[in-house]
Amino acid sequence: GGEGGGSGGKGQHEKAKRTRPKVREPQPWEEEGFPAMEQRRVEVAKVDPAKLAEMRKTAKKKLQESKGVDPAVLTRTWEFSLAITGVENTTDQDWDIFLAVKMGSIADHRISSRMHSKFSFTKSYDVKSRQKKQFKSMETIYSLQWQGSYKELQQTEVVVDVWMVSQTNFNGIIGTARKTLYDMGSDSVFQTMMIKPNQAGRNAFDVGIVFINAVVSELFQFTIVASNWQFQPRPELGHQTGIRKLRLEMPTRHNGPVDTFTSSDAAGPQYCWPKAGQFIYEGTRVGLGSEALFISVMDGGKLQGRAVLGLGGAGDYPIAMGTVKQLSQNTAAYVQGRVAGSLQVMARSKALKENTHDEDSSVPPPEQPPDSLILSHLSPSLQYLVVEILGAQGLPVADADYGSTNAFCRVKYDGNVQRSPVVTGSLSPSWNHAFYLPVRLTDKALMTDQNHYKRLLPLEMQSKGTLQIEVWHWDSVPTEFLGSFDLDLHSLLHCREQEKALCEKATRTAANSDTTGGTAESSVAMGVHPALSRKHSTKVYEGRREQLGGSWLQSATRATVNFDCYFLPDFPQGFKFPKQETEEGCKVEESYKRWDREWPEFSEAYAAWFPDSPAGRRFLSKYSEAGGAEEPLPRLIVPLALPASLAEPLRVQHWVRCTEFFAPPRQRSVGQISNWQKPEDILALRRGSVQDHAVLLCCALLGLGKQAYVCKGTVQGGREHAWVMTREQMGAVTLWETTTGGKFHLPGRWLGDPRHGDASRKKVEDRWTVRQANMKWKEQAEQRRSLTRSELISAMDELTRLPISPWQELCKEGAVAAIPYESVEIVFNGLQLWGNRGNHHPGCVYYDMEDDPYSWLPLVHEAELKAIRSGSTAAVPVGPAMSKHTLEELQTIIETELKECVSFMRVRRGQESIFEDDEVLQETLEGYLGMLERESQLESDWCFDREGKQVKPWGAPSPLNSFTYVQRCRGEWARYWKDRTDMEAARCLLPVKENHVLSGVPLHISSTDLKEIRRNLMACGPLQEYFNLAMDDVLFFVCAKVFPMPSSVNSVWIFLGAEVPLSPEKVLELASWEMSQATQQQMMEEEQWDGGKR
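In UniProt numbering, the protein residues as written are 1 to 1094.
Quick caveat, the hints were computed from the structure, so don't treat them as lab data.
All of these numbers come straight from a predicted model, not from anything done at the bench.
For each residue, glycine too, the CB sits at the ideal point set by N, CA and C.
Any given hint could be a false lead.
[Said to hold, decoys possible] Derived lysine-lysine pairs resembling BS3-like cross-links, with alpha carbons at most 25 Å apart:
{"no.": "1", "residue 1": "K776", "residue 2": "K706"}
{"no.": "2", "residue 1": "K593", "residue 2": "K539"}
{"no.": "3", "residue 1": "K952", "residue 2": "K978"}
{"no.": "4", "residue 1": "K464", "residue 2": "K454"}
{"no.": "5", "residue 1": "K952", "residue 2": "K61"}
[Unchecked claim] Taking CB as the label site, the calculated pair distances span:
{"no.": "6", "residue 1": "W954", "residue 2": "E791", "range": "36 to 42 Å"}
{"no.": "7", "residue 1": "S361", "residue 2": "F963", "range": "48 to 54 Å"}
{"no.": "8", "residue 1": "K576", "residue 2": "H357", "range": "41 to 47 Å"}
{"no.": "9", "residue 1": "D1032", "residue 2": "R980", "range": "21 to 27 Å"}
{"no.": "10", "residue 1": "E862", "residue 2": "R1014", "range": "18 to 24 Å"}
{"no.": "11", "residue 1": "A1030", "residue 2": "T892", "range": "44 to 50 Å"}
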C-alpha cells in the first residue's frame, strides 16, 4: 500500500507538473526593474492651441517637402535612337513605297498640322504582297539626346506615314503607324508598329507592319566611389613585403576618355587602400554595365600585374574581385595575386540637380527589357560566355507567410555579375533569360602572340574561375540564399557542338513572327548586326536538373536548376580549356593530431591544481564547411572591404550588432558552439550566431587595419561564447562584445610599444625568467590530487610559481578590469590559431601569442602557414544599404504589423484597439527614435555630460586617447545634448487629450523580419502592460524607424504607446495638486509684492 500510494503521489505530481502553466523567464533587463506605468514620472502637458496648430502646419510642410515635386514632371535627358529595319505587306497588292517619319506632340499630329511638319524620309522599297521586306541596311531616323519628363514621353509620339509611289499621278498614302516614346521605352528594342489605313474606320484591319529598332534610355551621371581595396600576393611567390600602389582606370563615357587614379603607398603583407578614387561616368545603366575597370598593381615604379573587372553588376552587386596577372616567361608567376574592393555606385539622372527627390513617381519610369538592351550593346569584336537560364525546380520556401518564393538568378564569372528578372510566387520559376558575360583578356597579346597563346592563354582562362549560378529570394532586397551551382568550364570539352548565334533570341523572335512564309532573309533578326546574327559552331553544356546547394533553408524536394552555356565565338580548334584546380582544403592533419593530443592531458592537470576552474573547456581548431570538408578556423578570417560609411571602429561595431542574431538549436540547448560561417555567407544571409558575429567584426576591424583576433571561451555558467580582441597602442588590448556593443580595455597585456621592435621575444623570455615558473607542474598534478584539504591550503604558495597561475602584476589595482568572460581557450586570426596554455581567465594572461610559446600553443608550425593562407580571398567587400524608397515601404509594413499585433493581442482579451494618427506626434516620435539611434553610436569611452564634463568610465581608460579623437567625441556629445534638450523642452507640447496620460516604450530590434519583430513584441514585458489595459477608450499609437547601413543591414527602432484615460480619483488628485500649486504661487507673488512695497 505504501508503494502504491507513493506511485499514485508521483503520478499526481507529474500530472500537476504537465498542467501547470508555463512561465516565461524574465529578460535580464526586466529583472532590473523596468518601471510600470504608474511608477513613471508624469509631466503635465502645456496645451497651447496656437502652438499646436503651428506645429501641425510645420509637420505637414516637412512631410510635403520630403515627398517633393512629382518626379513624373521633372525634365530628364534621354538617349533616343530610332531605325527602321523592314516593312511587311499584309495586303493583296504589291507595294512601291517610301516612309515619312515625324516626331512630336500627339496634339500636333492632326492631318491639318502635319501638312507643314518636318519629316524624315526613307528610300523607296518594293514590297511584294503578303511578304516581309528586310532592308539591307537599317534606315537610321533619329540618334539624339532628347529632353522631357515621363509625362512628356506619354504625350510625344512617332508617326510613320507609308506612301505609295506613283509614276503617273500624285503619291498616295497607304496608312499610318503611331507609337509614343513611352511605349517604345517600355517595349523591347526590336519592335513593331502596325500600319492602319487612314480612310477606314477605327476597327479596320492593319495593312502592314513597320519593323523598328528603338532605344529610349534615361541618361544618368554615375558617381563611383572605390574604397577599402586590398591586394593579397600569392604566398608561393614570396613577395609579401614592400611598398605598393594601385592604379585604377575607368572610362568617363562610352568610347570616351579614361580617368585614372593612383593610390597612396601601402606596406605589406596586408596591402590595404581605404581610398581608391572617385570616378564619374555619364551614360545609361546598360552602358555602364558594358564597361570595365582596369586595376594595376605597382611595385615601386614597375608594373607587377593587372586585373580587369567588369561593371555589369556594379549597381546591384557592388563587390569587385579580380585576379592580378602579368605577362611573364615564367608560367608559375603569371598569376600574381588577388585584388578586391568596394565599388559604391550612386546614380542621378543627368538633367536633375543633386538631392532632387526622384522616387514615388505617379508615372512609372519606362524600362526596356534588359536582355534586349544588352543585345543592342554587344560588340562583334568581343567573345562572350552566353548563359541561358531556363528555370529551377523544388526551391525552398523563403516567404513563410505565402508559402512561396520570389526567385531571381545571379550569374558570376571572372568578376562579371549579372542578375535576371524576379519571378514572384513560385517554387519552380521559369526565367528563360540569357546572360552575356564578356570574356576580357588581361592583354591582347595572349591572342596575337603564338608563344603567349600556347603557354599563357590556358592559365588566363583557368584564372577566371568557375561559372557560378546563384538563386536568391527577393523581398525588396536579396534576402534569402536559395542555393548555388558551380560549373567548371572544362566540362565544355565533352559536350556536343551546336549552331548558335549571339542574338539567338532575337533571331528566334524574328523567325516566329514570320507567319507569311517570307524569304530566307527573314531568319535573321531585324536590325541586329550581321556579325551578331551569324551562327557559329560551338560546344554547348546543357545543364539539366543540376543540384543547388549551400542554402540554410530546407526544401521538400531537391532544388535544381536548368541552363545552357557556351562561348561565342568558340575557341579555335585545338585549344583545350584547362581544368580548374580543385581546392582540397588546408592540409594540416598532423597539426590536428598534435593539437588533439595536447589538451586532454593539459585539462586534467589544470583541474588538479585548480579544481574550481571551468570544467569541460574545449580547444577548437577547425570547422566544417557546407560540403562536409574540415578547415582550420583561421581560414574564416578575411579582411572586409568596407565602404566609407564604416570607416570607424565604433560604426563597424554598431553595424555588426545590428546584424540579426540566430543561434542553432543545439547551441541554444547545450551551450556549445556547433558551427561557424564564412564572412561572405554571414553578409549574404545578414544573420548568424554569436561566433559568426565575432568573425564578422574581426574581419571588419582587419579591414580598418587593426590587429584583430577572434577569442573563444566561456561566460558565467560555462556556456561557450566568442568575442573579438584587438591589440592597441602602448600594450593595451580591447575586448569587443558583439551582443551588447560594449568594449573592455585591459592595459599592459602585450609588448605593444613600437619601440620594442625585434626585442619583444627577448622581453618575453626575461618575463618568464623573473617569474621562475615551475615547468614540471603537469608531472606533479597526480601527486596534487592525493593531498588533503589542509595540505592543499598549506601548499598555496606553490600556486604562484605555476605557469598556469595568473600573472601577479595583472591583478594589481589599475590593471584589473571587470569583464563578462570566465575563460579563454583559443585566439585566432587569418594567419594562425593559438591555444591558451596559461591561466584560464582572459584578464590574467598576456597576449604575446607569437613570442610566448609557454603561454600559447600554435596550431601549425611556420612551414605550414602557407597551407592556411593558400586559396584565401584578398578581401570580402560589403554591399550597399537599402534605398530610401525601400526603407519607407519597410517602415510602413512594420507599422502595419505592429497595429495588427496590438489588435490581435487585445481581441484575445475582448478589448478593442483604436489607433491615433497625428502628424505632430509621428514627427516627434521619429525624432526621438533618431535620437536613440544617434545615442547608440556615441563613444561611451569618452562620455561627456550636459555641462561638458567628462563622465569617468567604469572600466580602464581607453587606449584611443589622442587629442583629436577626444575633442571630436566631446563635440559629438555636445551636439547630442543640445538636440536632446530641445526635444525634451518640446515634449510637453505634444497633443494629449484632456485627463489622459501619454506614455510608451521604445524597442530596438536587429532584424526586419516580421516574424522576429512579432516574437520580440510578445516577449517584451513592459509592452504586455499596454496589451492588458482593461478599457476600450485607449488610443494606441505606433512608430517604426529603420536606419539603413551597408549590406542591407538595418537598425530598427519601434515605439509603441497609448493615451490612457485617468481614473476619476486620479483626476481629482491632480486637480487638487494643481490648485495647491496655484495657491502657493499666488502667495509667493503676494509676499514678493508686499516686500517690495515695504
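Which numbered hints are broken by the structure, listed smallest first?
Hints 1, 2, 5, 8, 9, 10, 11 not satisfied by this model.
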